[in-house]
Amino acid sequence: MAVTVATHAAAGPAPAPSRPGRSSRPRRPRLPLLLIAPAALILLLVQAYPLGRVAALSFQGWGLAQIFSDQPAPFVGLDNFERILSDPVFWAALRRTLVLAAAMVTLTMLFGVGIALLMERLPAWLRRVVMSVLVLAWAVPTFVSTQVFAWMTQQNFGVFNYLFGLGQHNWYINPVEGLAVATAVVVWGAVPFIAVTTYAGLTQVPAELVESARMDGASGLQVLRRVTLPLLRPVLGIQIVLSVIWDFQVFNQIWLLRNASPEPEYQTLGIYAYMQAYQGHDYGYAGAVALVTVLLLAVLLVVYVRQLIRMGDLT
Amino acid sequence: MRRVLRGVYALLGIMVAVVWVFPVYWMATTAIKPGRDMYAAEPQLVPLHPTMQHINRVLHDAAFWQALRNSAGVTAVTVVLAMAVAFLSAVAVARFDFGGRRAFLASVLVVQLVPHVALIIPLFLTLSDLGLADTLTGLVVAYLAFALPFAVWTMRGFVAGVPRELEEAAMIDGCTPLQAFRRVTLPLVLPGLIATSIFTMILSWNEYLVAYFLTSTPDRYTLPLWLTHFITSEGAEFGPLMAGSTLIALPVAICFALAQRNLAHGLTAGAVKG
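Chains as they are written, first to last, in the numbering used here: chain A, 1 to 315; chain B, 1001 to 1274.
Bound-form chain B, shown alone:
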């Protein structure tokens, strides 16, 4: 009986793996299939005639490289700024008691309830007033606001988890407060910084909706917008579309794989108490 049950579980596990890997597999294999295999009456489950034609087309597209530069720039600036700003706020709420602290924490959480779709129209108007509509700076500002609540909250947990006594001991040993912070606290919150910066990175790398509404100049397209080039009113060119998709998803997949441990831990730390 137990053995049968184990067999059933294993079978279910394999089915889950197949269902969740299949779309990724289909994307990657379509990217390397020649047109006649892609558009065959019977779809070929295994790519028998791998070709680089779609990938080359993407790699020789000047717009792809421009979009890659835009996405990389927006992502890098957003991550660095978000980490700096969130860290300062986290220190404030974890280390100090001040009027408005509760209000700040509560509003950081409540803003997450507001659907981005609802914000888009006024956000567009607001950024236009500031001359930031249709600019990469405008995107950075928007992504910062979307990333901050999560970053502040997570960092707060990590900063609060560092015992004050450790810092105090360092100061007794002759460190200035700043030195104590740099040598004691910072290394201890590093895992939190890594987890949050990966999430922020993914947010700005993958974001489509806001970029779609705020950007109109093709030179300022980010990768998700560039990808829609291959979708025309006559239909989509699925070869290059899948090749581009694979290339865009690759860096994220690598980061997730590297940070796999951090992710799960950062998400549930302290959430379950026996």
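Chain A on its own, in the form it takes in the complex:
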């Protein structure tokens, strides 16, 4: 998933100087359409069509009958959504998802930006060490890092209990502690990306700006608040949005930590929708939950979506 990253990160203003204006682009209506056809086709097939299908599913009673005999799915109107409204498990999962995502995003950004600022202030050799370690951690796949954390928090032989002198503490009986481990996995895995990109952004802040602010008598903290952070705003904005998207749909880490059968107290919206579909065989209801998840995320990020569309205007 690290891949989604750069789309937005690179979405800043294009390196423009020598670029021709829009009017000088040749107008040949058919060629460009041919060129985008393969990409458009794949995106339609794998992103748009399934999304439309989720929407359709959520108005149907799609269950076992539809899987095993080709019975057409009955249209049930808003039944699935009404069920959501009165489903306490859904609301609990929603609350859990929001709290978890907020904690993960906050911690990731604090650590990521903090480490980037720290790197600027380190001697060169130590900076290289920190950078290499971050890149190494960044390269570790999620499912691998999750297994490593599962091993480190293992009840009898886990190194965490040893290092912190906790005896044979079980980290997963109390879901708050278990979800804290999941948060640690997510934050550990996401910080390198934030730190490395923020640091790369910091190196692009013109030194003259910082110097002249210093000459005008600004303290280090003032320079940070008045000069550095405002310049980093576009980068930080993209990072926050991406983190919200990733952490709102956190799945792997919790799923794997709970051995592919998370207890209700561990279920986020994504996991709840999945359980409804594959274990409850209630695809219609699962579709409704998934659709609500997408809509919630869209509402959370509405400002960003508007910015994106405006960006489409400019480029």
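Check the hints yourself; a few may be wrong.
[Said to hold, decoys possible] So, partial list: chain B residues that the calculated Cβ filter (under 10 angstroms) puts toward chain A:
{"no.": "1", "residue": "R1006"}
{"no.": "2", "residue": "A1040"}
{"no.": "3", "residue": "P1043"}
{"no.": "4", "residue": "T1228"}
{"no.": "5", "residue": "I1254"}
{"no.": "6", "residue": "Q1260"}
[Said to hold, decoys possible] Residues of chain B clear of chain A, computed beta-carbon distances all greater than 12 angstroms:
{"no.": "7", "residue": "I1032"}
{"no.": "8", "residue": "Q1066"}
{"no.": "9", "residue": "G1174"}
[Said to hold, decoys possible] Here are the computed distance ranges between Cβ atoms for each label pair:
{"no.": "10", "chain 1": "A", "residue 1": "L229", "chain 2": "B", "residue 2": "P1163", "range": "30 to 38 angstroms"}
{"no.": "11", "chain 1": "A", "residue 1": "Q204", "chain 2": "B", "residue 2": "L1166", "range": "21 to 29 angstroms"}
{"no.": "12", "chain 1": "A", "residue 1": "P88", "chain 2": "B", "residue 2": "T1232", "range": "30 to 38 angstroms"}
{"no.": "13", "chain 1": "A", "residue 1": "E177", "chain 2": "B", "residue 2": "A1040", "range": "21 to 29 angstroms"}
{"no.": "14", "chain 1": "A", "residue 1": "Y278", "chain 2": "B", "residue 2": "V1019", "range": "31 to 39 angstroms"}
{"no.": "15", "chain 1": "B", "residue 1": "M1052", "chain 2": "A", "residue 2": "R128", "range": "26 to 34 angstroms"}
{"no.": "16", "chain 1": "A", "residue 1": "G280", "chain 2": "B", "residue 2": "D1097", "range": "46 to 54 angstroms"}
{"no.": "17", "chain 1": "A", "residue 1": "W125", "chain 2": "B", "residue 2": "R1069", "range": "39 to 47 angstroms"}
{"no.": "18", "chain 1": "B", "residue 1": "G1131", "chain 2": "A", "residue 2": "L64", "range": "20 to 28 angstroms"}
To be clear, the hints were calculated from the coordinates, so they are not data collected in a lab. Treat the numbers as computed from the prediction; the structure is a model and nothing was measured. All C-beta atoms, glycine included, are put in the ideal place defined by N, C-alpha and C.
Knowing the structure of chain A, use the given hints to seat chain B on it.
Okay, now just chain B, sitting in the frame of chain A:
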């Protein structure tokens, strides 16, 4: 005062390095610890009796090699197709003005908002209809769609960054448009191609969720799925699990190390303007 501050920073930097390296260190050292050291009452922070037993077990597992072939195949095909398809789209949006251009760019970005988890159920149904559920081809199709938005957007920046005048000059010197493109534009966008293909590679090499839902035949397991073999209802066999994890993470780590410069640059190019 300054000196004290520098000391504090250095100390913090060392702490950061330790916290972020420790899980990787613990994975790699567990992979070479014999069982009695792994399951010792006091965990041994340094592997004093290194052994190849876990690694050998992985290397002698036929399923590992099958999964490795599957992962390598899916990854290679995804990267090649994604690069080709994304490059064509990038040329279209960077070089031409056409109806639907804005809509295409906007939708390329907006699809990223859709959580993969939400797509999985209908994606499974859709691929089943096409006879692609539980096939490696189905995985390639899914990964392509996940990789394309990023690839199109990044490549677009690189293609747009190549001045048209350069191509035109080449054509005045007698190149055909295709030759001009191949000799002038292509070499200039190569760094972008490298960065995007590494990201695409990592995406398909590391992907777990979709593979988990779409695949049921063990012969078609990719590496992440194969790894879950070592997790049973009685608990996990952490020795081979860590050995397998180390082996899977190694190629990615090497690629990241090689492309370290490209990564940071590709991610922030033009994002900060003074």
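Now the hints, each set against the structure:
The criterion of a C-beta within 10 angstroms of any C-beta in chain A is met by B:R1006, whose closest approach is roughly 8 angstroms, and the hint holds. A distance limit of 10 angstroms between C-beta atoms decides the matter here; for B:A1040 the minimum to chain A is near 7 angstroms, and the interface restraint holds. Interface restraint check for B:P1043: the shortest CB-CB distance to chain A comes to about 4 angstroms, inside 10 angstroms, so the restraint holds. Look at B:T1228: its Cβ gets to within about 8 angstroms of chain A, closer than 10 angstroms, so that hint holds up.
Checking B:I1254 against chain A: minimum C-beta separation of about 8 angstroms stays under 10 angstroms; hint holds. Hint status for B:Q1260: holds, given a least beta-carbon distance of 6 angstroms to chain A, under 10 angstroms. Listed as a non-interface residue, B:I1032 keeps its Cβ farther than 12 angstroms from every Cβ of chain A; the least gap is roughly 14 angstroms. At roughly 18 angstroms, the least C-beta separation between B:Q1066 and chain A is larger than 12 angstroms, which holds for a residue marked as non-interface.
The Cβ of B:G1174 sits about 20 angstroms from the closest Cβ of chain A, beyond the 12 angstroms cut-off, so the non-interface label holds. Taking 30 to 38 angstroms as the suggested C-beta distance range, the pair A:L229 and B:P1163 conforms, at roughly 34 angstroms. Evaluation of the 21 to 29 angstroms hint for A:Q204 and B:L1166 yields a pass: the beta carbon distance comes to about 25 angstroms. About 33 angstroms separates the C-beta atoms of A:P88 and B:T1232, a value consistent with the hinted range of 30 to 38 angstroms.
At about 24 angstroms, the beta-carbon gap between A:E177 and B:A1040 stays in the expected band of 21 to 29 angstroms. Between A:Y278 and B:V1019 the beta carbons are some 36 angstroms apart, a value that agrees with the proposed interval 31 to 39 angstroms. Taken as a hint, the range 26 to 34 angstroms holds for the pair B:M1052 and A:R128, whose Cβ atoms sit roughly 32 angstroms apart. Taking the beta carbon of each, A:G280 and B:D1097 are about 50 angstroms apart, inside 46 to 54 angstroms as hinted.
Hint check: A:W125 to B:R1069, Cβ distance near 41 angstroms, so the stated range 39 to 47 angstroms holds. About 22 angstroms separates the C-beta atoms of B:G1131 and A:L64, a value consistent with the hinted range of 20 to 28 angstroms.
Of the numbered hints stated above, none is contradicted by the structure.
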